[in-house]
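Counting from 1, position 413 in the sequence shown corresponds to residue 413 in this note's numbering; the numbering is continuous, with no gaps.
I should point out that these hints are in silico values taken from the structure, not numbers from a laboratory.
Treat each hint with caution, since some may be false.
[To be verified] Derived DMTMM-like pairs (lysine to aspartate or glutamate); straight-line CA-CA distance at most 20 angstroms:
(1) LYS376 <-> GLU394
(2) LYS263 <-> GLU394
(3) LYS295 <-> GLU394
(4) LYS83 <-> GLU101
(5) LYS232 <-> ASP356
(6) LYS228 <-> ASP265
(7) LYS363 <-> GLU167
(8) LYS343 <-> GLU394
Every value quoted in this text rests on a predicted model; they were computed, and no experiment measured them.
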Amino acid sequence: MRAIGVIRKSRRDRVSREEFEELLRSAGYEVVAILEQNREEHPKYNIGKGKLEELKELVRELEPDKVVFANKLSPSQAYNLWKELRVEVIDRWQLVLEIFEKRAHSKEAKLQVELASLQYEVPLVKEAIRRIKLGDRAGFKGMGEYQTQQYLKHIRYRMGRIRRELERVKADREVKRKRREEVGFILIALAGYTNAGKSTLLNALAGEDIEARNQMFTTLDTTTRRFKLGGKRVLVTDTVGFIDGLPPFIVEAFHSTLEEIVKADIILLVLDASEPWGEIRRKFLASLGVLRELKTLDRPMVVALNKMDLTSWEDVHDKAERVREIAEERGINLRRVVSISAKLGELEELYSALEDAVLTLPKYGAFEITVGEPEKVPQVMALINAIGEVLNVEYGEETRIEAYIQTGMIKELTRLGVGIRRLNQPHKGEGFEDGQ
């Protein structure tokens with residue numbers, strides 16, 4: 001498939017040419033030309049009339065299968081462009097959906113992609129109906145007025161079916177999540193811009209071999225794995241990657257997947273440290289925008305600057321300081337910024353940061369555990385180490401253990417016949433120094 005890309009830049013539309021070309025390649029297109037223009041949006045064609053004539057000449061000369069705009073097109077603009085160019089015209093978000101269709105494997109991911117595609121199509125079909133009523137007989141994909149009206153009804157019916165199916169998936173996931181909480185698992189959600197290395201990091205943490213490619217949107221299916229964090233019960237979940245200006249219809253369609261971030265105890269945000277600072281800043285702010293929309297910026301966050309092996313220590317250190325400044329300006333609950341290489345397995349800083357962040361969670365508290373039977377001490381100590389942190393131990397006729405533990409695990413300890421008393425010392429999250 002051959003494509004001509006069109007990029008219009010303005011104060012409102014700041015488009016990365018490199019990212020746009022990467023999107024085109026990820027969707028499987030051969031990019032035969034890129035046309036750029038600096039101007040505000042033209043209401044009829046998005047680009048100016050002069051640039052449109054230039055585009056028409058390129059289409060005649062190169063005969064592409066599609067013309068792809070990096071900017072969002074209104075339904076009327078898409079129709080007007082098609083009428084002028086007589087070749088299929090799509091915008092950036094239709095391009096993203098094409099990539100999603102290629103990457104979706106699970107039933108849930110396929111349903112989410114279909115829902116997003118149908119939501120995007122609704123205004124296009126409505127525009128076709130409006131045009132037909134005005135006397136324009138082009139219809140939608142060659143259909144007449146009656147067929148177009150029936151197609152719109154079918155879209156709405158199918159969207160309702162998909163939403164109900166996704167609700168059932170969501171209910172099943174909620175049951176599993178509650179079971180995990182009951183047995184004391186901490187949930188860490190991997191988040192970040194697409195192609196930052198989240199899947200590679202999941203593989204490194206959990207010792208897995210999940211597909212991880214150097215391309216955009218490799219992961220659409222939610223993947224949850226267990227990994228060891230100082231003996232604690234921890235689950236890490238990989239989610240769909242973010243992209244600048246992620247539109248509401250995609251956020252809504254993938255809400256059941258993104259909900260893993262909403263329900264997470266800690267957000268592990270991954271950035272590519274090898275990129276120039278301007279790109280890191282743009283992608284960090286775009287990620288924070290999605291997290292703000294999901295109302296999760298109050299969660300403890302650890303930022304991992306990945307691919308540190310591709311740059312210098314001084315460069316990573318400088319970028320970490322800038323990330324902290326942005327987080328402080330925006331009041332983000334940032335616990336630590338660490339440098340890692342998921343590919344090489346260099347994760348020592350990350351493990352330390354996550355262990356500290358776990359102990360700041362509200363579900364943790366300081367308790368005194370009294371064990372009257374000496375033979376039970378090893379079992380109690382092992383359980384505490386799996387769900388918290390031992391602070392002090394006094395051996396005697398009764399062993400007294402001061403520790404941070406999850407409040408949800410008190411029942412499991414009491415079944416061993418031990419005494420438990422909450423201590424009044426401050427929670428670790430209060431005035432906690434994160435080593436920044």
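Hint check:
1. About 15 angstroms separates the Cα atoms of LYS376 and GLU394, which keeps this hinted pair within 20 angstroms; it holds.
2. In summary, the hint linking LYS263 to GLU394 is not supported, as the alpha carbons are separated by about 37 angstroms, beyond the 20 angstroms threshold.
3. Proximity of LYS295 to GLU394 is assessed by CA-CA distance (about 43 angstroms); at most 20 angstroms being required, the pair is judged violated.
4. Of the supplied pair hints, the one linking LYS83 and GLU101 is violated, its CA atoms being roughly 27 angstroms apart against a limit of 20 angstroms.
5. Only pairs whose Cα atoms come within 20 angstroms are accepted, and LYS232 paired with ASP356 is accepted, the gap being roughly 12 angstroms.
6. For the hint linking LYS228 to ASP265, the alpha-carbon distance of about 16 angstroms falls within 20 angstroms, and the restraint holds.
7. A distance of roughly 28 angstroms separates the Cα atoms of LYS363 and GLU167; the hinted pair therefore is violated under the 20 angstroms criterion.
8. Simply put, LYS343 and GLU394 have alpha-carbon atoms about 43 angstroms apart, too far for the 20 angstroms limit, and the pair is violated.
Of the numbered hints listed earlier, those contradicted by the structure are 2, 3, 4, 7, 8.
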